[in-house]
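Participant: Residue-level listing of the chains:
Number of protein chains: 2
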Amino acid sequence: MKVLKESGFNAEKIVENGNKFLTANGYLGYRGTLDEFTKEECVGLNVAGVYDGVKGKWRETINVFNPFYLVAQADNIPLAARGENVLSHEISLDISKGLFDRKTTFNVNGATVTLECQRFVNAAEKTNLCSRAIISADRDMILTLKVGVDTDIWELNGPHFKDVKTEIGGNRIIACGVTQELGYSVKVYCDYSSPVEEFSGGFGIIKADIKKDEKFVLDRVAHVLLGKEESKFDKYDSAYKAHVNEWKRLWSAARIEIKDDDRAQFALDYSIYHLLILAPKGEYSIAARGLSGQTYKGAVFWDTEIFMLPFFLGTLPDCAKNLIKYRINTLPQARKKAREYGYGGAFYAWESQNGYDACSDFNVTDVFTHRPVRTYFKDKQIHISADVAYAILNYYNHTGDDELMFSGGLETILECAEFARTYSYYNHIKNRYELLDVIGPDEYHERVNNNTYTNYMFYLTAKRGVELAEKYACAYPERFKAVLGKLPENIIENLKNWLQKLYLPQPDANGVIEQFDGYFKLEDVGVEEVRSRLVHPNEYWGGSGGVATATRVIKQADVIMLFNLYPDLFSKEIQRANYDFYLPYTEHGSSLSHCAYALTACRTGDKSGAYKAFLDSAEIDLRGGGKQWAGEIYIGGTHPAASGGAWMTAVFGFGYRHKET
Amino acid sequence: MKVLKESGFNAEKIVENGNKFLTANGYLGYRGTLDEFTKEECVGLNVAGVYDGVKGKWRETINVFNPFYLVAQADNIPLAARGENVLSHEISLDISKGLFDRKTTFNVNGATVTLECQRFVNAAEKTNLCSRAIISADRDMILTLKVGVDTDIWELNGPHFKDVKTEIGGNRIIACGVTQELGYSVKVYCDYSSPVEEFSGGFGIIKADIKKDEKFVLDRVAHVLLGKEESKFDKYDSAYKAHVNEWKRLWSAARIEIKDDDRAQFALDYSIYHLLILAPKGEYSIAARGLSGQTYKGAVFWDTEIFMLPFFLGTLPDCAKNLIKYRINTLPQARKKAREYGYGGAFYAWESQNGYDACSDFNVTDVFTHRPVRTYFKDKQIHISADVAYAILNYYNHTGDDELMFSGGLETILECAEFARTYSYYNHIKNRYELLDVIGPDEYHERVNNNTYTNYMFYLTAKRGVELAEKYACAYPERFKAVLGKLPENIIENLKNWLQKLYLPQPDANGVIEQFDGYFKLEDVGVEEVRSRLVHPNEYWGGSGGVATATRVIKQADVIMLFNLYPDLFSKEIQRANYDFYLPYTEHGSSLSHCAYALTACRTGDKSGAYKAFLDSAEIDLRGGGKQWAGEIYIGGTHPAASGGAWMTAVFGFGYRHKET
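Chains as they are written, first to last, in my numbering: chain S, 1 to 661; chain Y, 662 to 1322.
Don't read these hints as lab results, they were simulated from the structure. Take these hints with a grain of salt, some might be off.
Unchecked claim - Reference excerpt, derived from the structure (chain Y facing chain S, CB under 7 Å, subset only): (1) Tyr897; (2) Asp898; (3) Thr1026; (4) Arg1035; (5) Tyr1086; (6) Tyr1087; (7) His1089; (8) Asn1092; (9) Gly1206; (10) Ala1211.
Said to hold, decoys possible - Computed far set for chain S versus chain Y, every beta-carbon distance over 10 Å: (11) Glu197; (12) Ser238; (13) Ala242.
The structure displayed is predicted, hence computed values, not measured ones. Ideal Cβ positions, reconstructed from N, Cα and C, are used throughout, including at glycine.
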């Protein structure tokens, strides 16, 4: 498998490379930064599913203390990639083993010194991460290494820790702190293979003399422990062995070979790597920017259920089960959210932090007034509940796991349908139920009526939920009765009646399905025309004054997305008509969009369009270059949903085509 | 009656005085400008109900050619109020007779020359307006007067005329043109009492020698004729006599005497003047800025039905009938608009130009991006249909005019109710009809559900409409049957069923009725706090990013307005609770707001609040000083709805209180 490499040092690529060269083990993520870096260079050791909120700021996942801080000096000359004495510099990521490597050579008073550091986040142990530094020189040299657990960390909405303390015990440096909001005690410690002296302020000194061409090796074995957690590894070599073995297992489950296309092969390998490093090691889920940092609050979006879950279902079903359990476990919060808005059933969090909806009513800041703008993602993007139900049904289709269905699965599906039923209004003139005042996947058009994606997704949620209920009523009457007991009275009957009359938009004479009521009446202009109307490059395209609002230009696949989830709902001709219609209006302002078109392109025969969209999705984090900052807000990170979309395109798109021909 | 005067010339007040000293006769309006002024000083001769649209610009009423252009010279020295040789200058408006007067004295090479011009728009003849200029000096003097019909006119969204020609015939100068859009031929001519020489480009010269202390008098009798219209007056004195007689009649119908309060007396007189000068002379209606210009496109808003009609009902019922007929006559367009949006019944134009809805979907320009903002006045401010129906019912209550009810009145009322019925959705969970996605009188909160004003207004429209229908079914079965034949099948039955279940928001434990679903959950801040958040003084407060949007701050009376239209619907305690609750949140960003609070203040016992709000409403055009320009758009003009509100406060507010005590 190709190793990702980058030679030479470019300060402007530090943030981007932090994402591109990310290592992670599904629980801890360590950004692709260098040993001598600090928060200035966005060093981050991100933890999945552990959130903290500081008053007046966004609640987000925590970044913990950095155990791998290291600044080496040779004969009192610093060995740093930013230095003027650098002869060569290279970083690499071996995605076959989840290994990050940096190698830098320096001119130290005429001699050449080489600093090499390997690093991995242990795939075999969720709390462990290790690094090995190797220093050599072409003459005798005195080395001084400043090492320690850096507690002055990069945080977007921190500080998240109080009572921060560092201490030393033997060759172990330990940093402890307590999260502000929920009082989690977090301990990060690092064992050094050489004696640490002069400990002060979290940092110590390791000294060594090396002879010409001799290698000085420093192993660091670090752990991130919450509460009473313990960790078993204490040696680099044994940790490395377990890690590499686990990666073998992961790739054996997930590798896909592509014939005669190195570019596509690597793009797909790299995409799969980014999914494998997020495979949850417990009943938690995956954030929209994975473990690359705190962007989007570390919250879980529909990205996981709709764009990533299929990969795990196809490769690591236990991980898929964890993702599903996460949603089932947060059913109580989804019920609570529904009640708060005056509805029945379960209204899942748009930005889930263990069920809590982290989404703000003001999710956008106006670039002109610097004031928050009222957005409706939280209260109107109701399709999230249909997406969750779809995921559970998808899981069930793959696994036939009745146990999970009786442990909340069925209950969740039916409650998601019930939510939509109570959200709907009856159009007494047209004699049908309608879903009014929603936002579809295309967020640029707010508060629309009868969004095709939303209506169909809830229709099928209710239909499949009722069918499953009726199957279970026959097969397991007692267990089914127990589930019914947790649900509103007459739910099955009510849903069946509702299904009879729920409005489902139909294709027009050209085969095109209107994205929502009135979409066809919007201004008929393309993406570039709309882009040219921007006054400020970071303007929000939606909202009442956005450039896209009154036009047909959409942020991302919307009607098209429905086809990907239910490929047999409409004929290929209809799908192609919609693909051809909507593509020119699609900005792809979301990383979820390209793969959605790629999949439909595959099904409907646009080979070249499919290939291009596949690469756009698969290479998104390889290419980088996307927006890392919106004004003063960091919005960078990896795009695992696009990685999942690339995988789906390969398997369900190209794979399916292949089978067919 | 006090005469409004202003001494001294101040160039900065030219535009404001144009409104403040307006003369009009319900059809033609001539701004309070000076004879020597041109379009630079916003001279305007506005015509009621005649619209023209130029491609790509807003359609608006026309300003026609100015017959009263006059620049005098004495011994070759110009006599202009802007000149450095001005000794004194005064303008005045005698509201008892609708007479505008200007008197300016000049130093002409050491001598004193006086220029006086009287002007009126003939109340007794809709097409006629007259002016008399008097010039005298304290030594012999040679006068040269440049006079003519100025075709280079002030237009906001013009040019509205093509084929413009001027000609002279005897002592008559004539300007003709044809409107761009509908091809109306417009002729403006002026007869001069002295010979006109040297005619060129629309202007001629009148020469005269005056002796010391002798007066030179020039009469101008002008006419504005559309199509084949004719005009009967040709002498200043006879026109003046008819005009003054008509004003006697008007005031005898409308005067209200206030005891021991000169300020309130004049403010009310002045308000009534501004209503009398708008009394329509045919089946047309009154624009929101009256005849003061083209602001708001010269369109008719709910202002007329709700704020002005009561005055005419109480003083000049024939004019009230004209206003009602205007809406009945435009029922076909209201039906058409309803169909265009997918509804039944009649959806009246938010900005009516003889029934055509001139309201744009983009009625606001963002001050930061200079792009249009999608606004919802046209498609969501549905209460306009309830307002129209209320006005017809109000007219009927005053007049008992069954003929009008059978000539479209009843049909219109029922169609307005039917519109709301078809607009409503059935909430199948709460078993009630709801009016979703509307804008109430408070326009800062867009697309709200169950706006109290809107729901009650339509409820009462339907209820009173059905009651009237049932009365007529008994009393005039044949005539009623004929009306029913023009209406949708089963309309009465349908409305009766709908009324059973239409949701009517009720007072909460504190007696306060929520303005719309969720209003109480908005940020609880007052007007000044919200104002302090403005970044640009001309920002729109509503829309998705507006300062008021996510707060309780409202543009104008909303719930309170309902109480004024139906004072017996809720107890005085409830009305007071709402008055106290909503007043601190009310920006009074509309001139309709003060009088609404004044009326409720009268009913609920806040004497001082009522008096202050009455003066705020009655003196609005006297005080001036309001915004005349929004960016590059002229938004100035008179505020006849506020004048009507002042009248209502005097009559229904203070008058009613007086009766009571």
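Participant: If a hint holds in the structure, say so; if it doesn't, say that too.
Facilitator: Now for the hints, and whether the structure bears them out:
1. Tyr897: For tyrosine 897(Y), the interface hint is violated, since the closest Cβ of chain S sits about 54 Å away, which is over 7 Å.
2. Asp898: 58 Å, violated
3. Thr1026: Constraint on threonine 1026(Y) not satisfied, violated at 10 Å.
4. Arg1035: Arginine 1035(Y) check passes; min Cβ-Cβ to chain S is 5 Å, inside 7 Å.
5. Tyr1086: 4 Å, holds
6. Tyr1087: This hint holds: tyrosine 1087(Y) lies near chain S, its Cβ roughly 4 Å from the closest one there, short of 7 Å.
7. His1089: With a closest approach of 5 Å, the histidine 1089(Y) hint holds.
8. Asn1092: With Cβ-Cβ at 10 Å, over 7 Å, it is violated.
9. Gly1206: 4 Å, holds
10. Ala1211: Hint on alanine 1211(Y): holds, closest Cβ of chain S at ~5 Å, below 7 Å.
11. Glu197: Check passes; 56 Å lies beyond 10 Å.
12. Ser238: Since the minimum Cβ distance to chain Y is about 57 Å, serine 238(S) lies beyond 10 Å and the statement holds.
13. Ala242: Consistent with the label, alanine 242(S) stays out of reach of chain Y, its closest Cβ about 53 Å off (over 10 Å).
Of the numbered hints listed earlier, those contradicted by the structure are 1, 2, 3, 8.
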